[in-house]
Amino acid sequence: MSQDVGRKPEAYLSVSDLVVRFPSEDGIVHAVEGVSFSVTRGKTLAIVGESGSGKSVTAQAIMGLVDRRVASVSGEVWLDGEELVGMPDEELRGLRGLKMAMIFQDPMSSLHPFYRVGDQLTEAALVHQKLSKSDARSLAIEMLRRVGIPAPGQRVDDYPHQLSGGMRQRVMIAMALINSPALLIADESTTALDVTVQAQILELITKLQVEFDTAVILITHDLGIVADIADDVVVMYGGRLVEAAPTRRVYYAPEMPYTLGLLNSVPRMDRERVDRLDPIPGNPPSAVNLPEGCVFQPRCTYSHLVTDGACVDRNPDLVEAEPGHFVRCHLPGAERRRIADGVLATLAGDPA
Amino acid sequence: MTGQPQEVLRVTDLRTYFPVRSRGLIPHVVGQVMAVDGISLSLNAGETLGLVGESGCGKTTAGRTVLRLVRPTSGKIELDGQDITNLSMKELVPLRRKAQIIFQDPYNALNPRHTVGKIIEAPFRIQEVEPPGGVRRTVQDLMERVGLNPEHYNRYPNEFSGGQRQRIGIARAIALKPKLIVCDEPVSALDVSIQAQILNLLRDLQEEFGVAYLFIAHDLAVVRQISERVAVMYLGHIMETAPRRIIYSGPLHPYTHSLLSAVPIPDPERQQKRTRILLEGDLPSPLNPPSGCVFNTRCFQAQERCRVEVPQLVEAAPGHYVACHFPVATPPAAVQVPHATHGDGSGPEGAVTGA
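Chains as they are written, first to last, in our numbering: chain A, 1 to 352; chain B, 353 to 707.
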């Protein structure tokens with residue numbers, strides 16, 4: 001098991017100091033501000049954050065889907081030994097689908113309504129592989145079978161609207177995996193689905209991950225899904241990476257007050273119910289007007305414990321609190337752990 | 353507010369069908385979408401009933417029919433003791449003081465051309481009510497009550513975040529101190545850190561005004577947090593309804609078991625030890641629901657009788673109603689599969705035992 005979310009030589013994807021900014025009418029949008037992580041084949045990295053935290057833009061930047069005529073992208077993105085930042089579009093197009101693929105939240109807007117799913121699948125295959133039409137069609141049917149679509153031989157001629165939401169998401173996965181890419185990015189890909197279907201899709205992703213030895217980046221806000229399938233977790237807030245660690249550490253020994261606040265504020269079915277939840281106060285920052293110091297400071301209930309006002313003045317550095325556990329916080333380590341222990345202990349016990 | 357528990361809503365055998373028309377030269381009705389197919393429920397003052405189910409189960413249609421935003425096909429709706437099933441739109445206007453709605457999408461539920469003040473005062477304007485102390489003053493008090501800055505009275509909805517917009521929607525809903533608010537997925541579009549704020553606010557307002565909530569949501573953890581009683585819907589029918597504790601720790605309906613087992617919990621070690629019940633296939637079409645029990649096509653308990661006879665909601669214990677021919681307290685091990693487990697240590701072999 002990987003204990004390291006920092007750069008590792010065998011990492012399939014390694015992102016370091018990624019910065020993405022967009023101009024807007026109101027000023028520069030600081031969408032991603034210096035994010036680093038890596039993921040190896042066969043492993044799942046979850047990027048957790050709220051809307052506006054920069055998690056989706058991070059994924060788009062990796063895939064080269066950020067319009068570089070408008071946005072400024074800097075930092076490094078290494079995929080299987082190749083640097084993607086600054087790579088010409090032509091070359092990037094050669095990698096997309098082949099080495100990295102992405103599945104999105106809404107399958108209906110990612111599938112073309114006028115084309116049969118089989119044609120869309122074979123198109124994805126023919127971009128990268130030299131295949132005859134009939135071979136491509138058999139490959140499409142085979143992929144539909146592998147993602148668990150019943151009667152794939154008939155379904156291949158269906159239009160997207162003839163499939164249910166769960167089936168469309170399966171088609172998306174089939175399309176993403178048809179060239180066996182080693183990196184799969186799933187951006188909120190089960191958010192629009194019902195829980196019973198979500199469970200099936202997550203199971204499918206993990207099953208195919210083993211089969212293809214895929215590195216998976218799972219972008220989500222659902223802490224249950226992360227607990228279910230992630231090996232490592234990156235927590236983002238206000239465009240910055242604020243905590244990164246192996247999954248268990250994030251849940252049982254979080255150090256950043258934001259992570260703690262998230263774990264503490266969600267209603268939990270696995271715990272005794274409390275009458276009042278303990279929310280994080282305030283609202284997330286605007287990416288145009290990020291706070292000067294720590295991005296979380298305006299909502300942090302512990303920043304008064306840092307006496308020299310550093311939380312307001314300076315963006316804290318990312319420090320390695322424990323091997324493989326990175327935290328961006330001005331609080332001293334002992335203090336962070338004391339706070340976390342205190343909060344986790346107040347989470348009520350087992351239900352019933 | 354009245355101190356006695358008093359019934360504010362009673363729904364009896366409510367059905368809402370939507371006709372499906374053919375296209376062509378002479379369009380005619382070719383079928384019915386049975387969105388809500390015979391549900392009964394009641395709600396007391398100051399109480400919250402959670403209505404859960406997956407998309408397409410009819411929970412939103414049920415909520416809208418209760419408010420008569422949609423015309424029911426048959427059945428009876430009584431609001432605060434008055435039968436409102438067949439009232440005309442004009443006759444319904446005064447009743448809007450008693451029942452309000454909070455929508456899922458705080459972006460589309462507010463008119464972007466109206467200021468916050470104008471949005472929140474709309475109920476007073478429509479109902480021609482002059483609150484003591486004046487409209488502006490009352491609106492600003494409401495804004496303060498829901499956690500908005502009253503100085504933002506003249507701002508427009510686009511100047512607010514999603515959570516703040518939901519607060520605007522809530523202020524508008526409580527303006528006339530209604531007895532019932534239908535909350536249709538009020539937190540599902542919000543970030544997790546904001547969800548808790550809104551759930552707490554709804555709870556505080558309930559304690560203050562004694563309003564009853566019909567809380568419609570698909571998130572079982574959220575519903576558990578806010579509801580005293582829960583009704584589980586599937587394909588237009590209520591499958592099981594009971595006090596919260598029973599739904600979450602002692603359900604009897606196979607569908608409730610399946611639903612609960614599918615929700616991943618935010619605790620890696622416990623999650624990996626849990627199993628989920630394998631549900632075959634997709635939700636059947638409400639245009640052509642299965643005969644007998646609507647859940648029989650996906651149910652692990654299904655037998656011949658389930659395909660023929662519609663199960664009635666029967667009282668299994670005081671307050672606990674189940675519509676199932678073969679209810680179970682513990683689903684058999686044979687239908688349980690491990691959750692998708694991550695590579696962190698234990699692996700799938702370690703995850704076969706039940707929670």
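The hints are simulated quantities; they were obtained by calculation from the structure and are not laboratory data.
Ideal Cβ placement from N, Cα and C applies to all residues, glycine included.
A portion of the hints provided could be inaccurate.
[Stated by the list, open to error] Partial selection, computed: residues in chain A whose CB lies under 10 Å from chain B:
hint: 1; residue: Leu-92
hint: 2; residue: Phe-212
hint: 3; residue: Arg-268
hint: 4; residue: Leu-277
[Said to hold, decoys possible] Covered stretches of chain B (in silico footprint by chain A; criterion: 3 or more residues with CB under 8 Å from a CB of chain A, positions within the stretch not fixed):
hint: 5; stretch: 565 to 576
hint: 6; stretch: 608 to 619
Exercise. Okay, the stretch 608 to 619 of chain B and chain A, do three or more residues pass the C-beta test at under 8 Å?
Worked result: holds (count 9)
Problem set entry | chain B contact restraint on A:Phe-212 - CB to CB distance below 10 Å | Violated, because the Cβ-Cβ distance from A:Phe-212 to chain B comes to roughly 14 Å (cut-off 10 Å).
For this session: Check whether three or more residues of the stretch 565 to 576 of chain B sit with their beta carbon closer than 8 Å to a beta carbon of chain A.
Result: holds (count 5)
For this session: Would you check whether A:Leu-92 satisfies its interface hint, that is, whether its CB is within less than 10 Å of any CB in chain B?
Result: violated (29 Å)
Exercise. Regarding the hint that A:Leu-277 lies at the interface with chain B, is the smallest CB-CB distance below 10 Å?
Worked result: Holds, about 4 Å.
Exercise. Does the CB of A:Arg-268 sit less than 10 Å away from some CB of chain B?
Worked result: holds (6 Å)
Checked against the numbered hints above, the structure violates hints 1, 2; every other hint is satisfied.
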